[in-house]
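Asks: Produce the entire structure from the sequences given, and follow the hints as far as they go.
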Amino acid sequence: MPATTLSKTAAHDPRVFDLDQLSLRELNQALHNLAPGSNETAWEVLNPKGSHSVAVGVDQPVAIDVRGSVGYYCGGMNSGSTITVHGSAGPGVGENMMSGSITIKGDASQYAGATGKGGLLVIEGNASSRCGISMKGIDIVVHGNIGHMSAFMAQSGNLVVLGDAGDALGDSIYEARLFVRGKVESLGADCIAKEMRTEHLELLQGLLDRAGITGVKPSEFKRYGSARTLYNFNIDNADAY
Amino acid sequence: MTYRNPPTTPRKSATFDDYTLSEIRRAAATGIYDIRGAGAKRKLPHFDDLLFLGASISRYPLEGYRERCDTSVVLGSRHAKKPIELKIPITIAGMSFGSLSGPAKEALGRGATLSGTSTTTGDGGMTEEERGHSKQLVYQYLPSRYGMNLRDLRRADAIEVVVGQGAKPGGGGMLLGQKISDRVAEMRTLPKGIDQRSASRHPDWTGPDDLEIKILELREITDWEKPIYVKVGGARPYYDTALAVKAGADVVVVDGMQGGTAATQEVFIENVGMPTLACIRPAVQALQDLGMHRKVQLIVSGGIRNGADVAKALALGVDAVSIGTAALVALGDNDPRWEAEYNELGTTAGAYDDWHEGRDPAGITTQDPELMKRVDPVAAGRRLANYLKVMTLEAQTIARACGKNSLHNLEPEDLVALTIEAAAMAGVPLAGTNWIPGKNGF
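Sequence lines, in order, name chains A and B. Counting from 0, one number per residue, gives the positions in the first sequence under numbering that gives the first Met the number 0. Counting from 0, one number per residue, gives the positions in the second sequence under numbering that gives the first Met the number 0.
In short, the hints are calculated from the structure, not lab data. Note that the Cβ used here is the ideal one computed from N, Cα and C, for glycine as well. Be careful, since some hints might not be right.
Said to hold, decoys possible - For each label pair, taking beta carbons as the anchor points, the in silico distance ranges come out as:
hint	chain 1	residue 1	chain 2	residue 2	range
1	A	Asn-233	B	Ser-199	13 to 23 Å
2	A	Asn-46	B	Glu-412	33 to 43 Å
3	B	Thr-14	A	Thr-228	33 to 43 Å
4	A	Ala-62	B	Ser-76	36 to 46 Å
5	B	Lys-40	A	Asn-233	24 to 34 Å
6	A	Glu-219	B	Pro-368	23 to 33 Å
7	B	Ser-199	A	Thr-228	17 to 27 Å
8	A	Glu-201	B	Arg-150	28 to 38 Å
9	B	Glu-410	A	Asn-231	44 to 54 Å
10	A	Arg-24	B	Glu-412	19 to 29 Å
11	B	Val-377	A	Ser-22	44 to 54 Å
12	A	Ala-62	B	Gly-192	39 to 49 Å
What the hints assert, rightly or not - Where chain A lies over chain B, by a calculated footprint (3+ residues, C-beta under 8 Å):
hint	region
13	145 to 155
14	198 to 207
15	221 to 227
Said to hold, decoys possible - Computed list of chain A residues with no C-beta within reach of chain B, every gap over 12 Å:
hint	residue
16	Gly-143
17	Gly-162
18	Leu-229
Replies: Right, here's the structure in full:
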C-alpha cells in the first residue's frame, strides 16, 4: 500500500486510511484482519465522501474516526468498536449493532440503529424517520429531533430524544423504552405515555451520562412504551391497525 | 296406491361447496380469519401437466445404470469467493426454529448433509442444532432480523435475503403465542407467549436500489466470501428476477404459491401469488435477457414432490429446486400412524395444517417438549436422505431416457404439456401439436 495514504508512524498514532487512495474493500478487510489484542487500536478514515458500508462488521475494540460524511449502513453490525463520524450519516447507520458505540457529529438519515441488538448510538444532530425501527436492545440517544414512525415495532433497548418526535412514535412497540424531552407529534398503535418512576429516572441519567450529555435533567423527559394490548390478537382490537 | 312424484337428488352448489359453507359458519362464529400452515391447497396447473418425450429415432438414450448422469450444481459463482457446491440440485428450504422444533431442524441438517446438499435457517435465527449438523447452511436475512448477529452471519455458508415467499408474497411472518417458549422468546428478543407478527418489509431498505446497497454491506461484512441469494414470492417473476440480478444477487430463489408457510391467513395462501409452474419461464427469460442464465443461478420451490418434478423444473431452465413441505413429510409430518391424535384435533392425517397451534402429533411443528421427543433426529434425517436419494435417482432416470448426461442438460424441447394452461405457462407445446399458446401470434 502506498506510504502516502497508509501511514503508521508510531505505536499510538492512528492508522490512516484515505478512501481517495484506497478502496472500501481494503478498509473493511484491514479492519476485519485485526487480531484480538492488536496494537492498532486507533484508526482514521479520510475522504469518505458518502461511501456506503464504511467500517461494517468490525469485531475488535478499536476507535475509528471518520472525517466526513458517510452513506448507507456505516458501522453496520458493529461489535465492540467505537466509531465517530465527523459529519452526517446516511440511512441505516449502526444497523443491527451488537455492541460498542457509534457517534454521529452531524445528522442521521432514515432507520438509524435499525434492529440494533446492543451498544450505544449517539446522534448529535437530528435523526430522520424510522429511527430505532425494530430495535432489539440497542441504546440510542438523539440530541435533536427524530422523524415519523420511529421505534416502529421496537422490541427492546432505550431511545432517548432531547428534541421532538414525529408522527406515530412507537407504533406496535414491544418492550423498548422511549424517553422524549420535547413534543411528540402523535403516538402509534399501542404506544402510550407511561409514568416516570425512580428506576426510569436512574436509567435515563445513566444513558445521558454514557452519551456525555450534561445540563439536561431526566425529569424533563416523558416516558413512552407499550400498552401491551396488541400482544395477543383480539378481533375487538382490529380497528387499531 | 297413490302416485308420488319422483324426487330430485339433493344438489349441492359448486360455488357454495361444503368447505365454503363451513368457512362461512366458522367466520360467523369467531369473527376472525382462518390461520393455517402449508401452501396453496387448491388445484393448480403444475408439473403433473407436463410430460417428457423420452428418446426415439431422432434422440438416443443413455444406459440406465451404466452411463453417468451428473447431478451436481455450483451456486454463487458470480461474486462469492466461496460458492456452494452441491451434489444434488435439491436443497432444503428455509424453515424457522420456532415454527419447527429443535429435533426437526437437526434432522433437516442431518438429512441434507448426508445427501450433499444445503439446508436453510428461517425467521428465528440460527440454532446450534442446525449449524452443527449442516455441512452447508444458508442463513436467512429477514425483515424481522430475529436472532441476526455478526457471528452467525460469518459462520453461514451463504446468505439468503428474503423479500417474500410464495405462500404470502407481501406478507410477514407469523408465530403465535402458544409456540413462544423461553428459548424461542430469547432468540427473538420478545416476551414469552405473545403473538409475533414479523414485518413484511425490511426495516432498513426499500426497493431495488437500496437492495443493491444492502447486498454490498453484507458482502463487505463477510469479505465477499459467501454467496448471496435473494428470495422472492412468485408474484412478478420476470421483474423480480431482473431486479435481484441488478442488485447483485448470486442466486435468485423464486417460491411459487404451493410453497408452504408456518402460519398465515388461509385467504392469503389461496389467493395471492402465482403457481410455481407459471413462475419459472418468466424468471428464466429475465436471466436470459440479461445474459445471466447459468451465471446467476435460479432456485425454484413450491410443490416439488418427486424426481419428475425436479427434472421438469430443471428442463425449464432452473439450476436447483428447494423443498420444504415434502421434507417435513419425509421427517414424519402428517403420518397416518398418528391418526387417532389428528382426529382428536378435528382433522385427519394428510390434512393437518394447524401448525401454528403447536400441538403437532408428529412433533415437528411444535415447541412442546413431550411432542418433540417423537422426532428422532438421526432416524428422521436418514429418512430425508433416503427420500432425496430417490428423487435424484428418479430425475436421473428421466434424464438418461432423454439422452442427457447431466440433469442440467434437460431442456424445454424434452417436454410437452397435457393442458393448454400448462402449455402457455411452461412455454412448451400442447402434446401432439406444435402449439405453444402465446407464441407466434397464437
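Asks: Now, for every hint given, state plainly whether the structure supports it.
Replies: Here's how the hints hold up against the structure:
Asn-233(A) and Ser-199(B) have their C-beta atoms about 21 Å apart, which keeps the hinted 13 to 23 Å range intact. Look at Asn-46(A) against Glu-412(B): about 55 Å separates their beta carbons, and that is not inside 33 to 43 Å. Between Thr-14(B) and Thr-228(A), the C-beta spacing of about 39 Å keeps the proposed range 33 to 43 Å intact. Checking the proposed 36 to 46 Å range against Ala-62(A) and Ser-76(B) shows it holds: the Cβ atoms sit about 38 Å from each other.
Checked against the hint of 24 to 34 Å, the C-beta distance between Lys-40(B) and Asn-233(A) comes to roughly 28 Å, which is consistent with it. Checked against the given bound of 23 to 33 Å, the beta carbons of Glu-219(A) and Pro-368(B), roughly 49 Å apart, lie outside it. For the pair Ser-199(B) and Thr-228(A), the supplied restraint of 17 to 27 Å holds, since their beta-carbon distance comes to about 22 Å. Glu-201(A) and Arg-150(B) have their C-beta atoms about 32 Å apart, which keeps the hinted 28 to 38 Å range intact.
At roughly 52 Å, the beta carbons of Glu-410(B) and Asn-231(A) sit within the given window of 44 to 54 Å. Distance hint check: the CB atoms of Arg-24(A) and Glu-412(B) are about 43 Å apart, inconsistent with the given range 19 to 29 Å. At about 48 Å, the beta-carbon gap between Val-377(B) and Ser-22(A) stays in the expected band of 44 to 54 Å. Between Ala-62(A) and Gly-192(B), the C-beta spacing of about 42 Å keeps the proposed range 39 to 49 Å intact.
Here's how the region 145 to 155 of chain B fares: 5 of its residues keep a CB closer than 8 Å to some CB of chain A, so the rule of at least three is met and the hint holds. Only when three residues or more bring their CB closer than 8 Å to a CB of chain A does the claim for the region 198 to 207 of chain B stand; here the count is 4, and the claim holds. Check result for the region 221 to 227 of chain B against chain A: holds, 3 residues qualifying (beta carbon to beta carbon below 8 Å, three or more required). With a closest Cβ-Cβ approach of about 20 Å to chain B, Gly-143(A) is found to remain outside the 12 Å limit, as its non-interface label requires.
Under the 12 Å C-beta cut-off, the non-interface status given to Gly-162(A) relative to chain B holds; the minimum distance is some 22 Å. Chain B draws Leu-229(A) into its interface by the beta-carbon criterion, the shortest separation being 8 Å against a cut-off of 12 Å.
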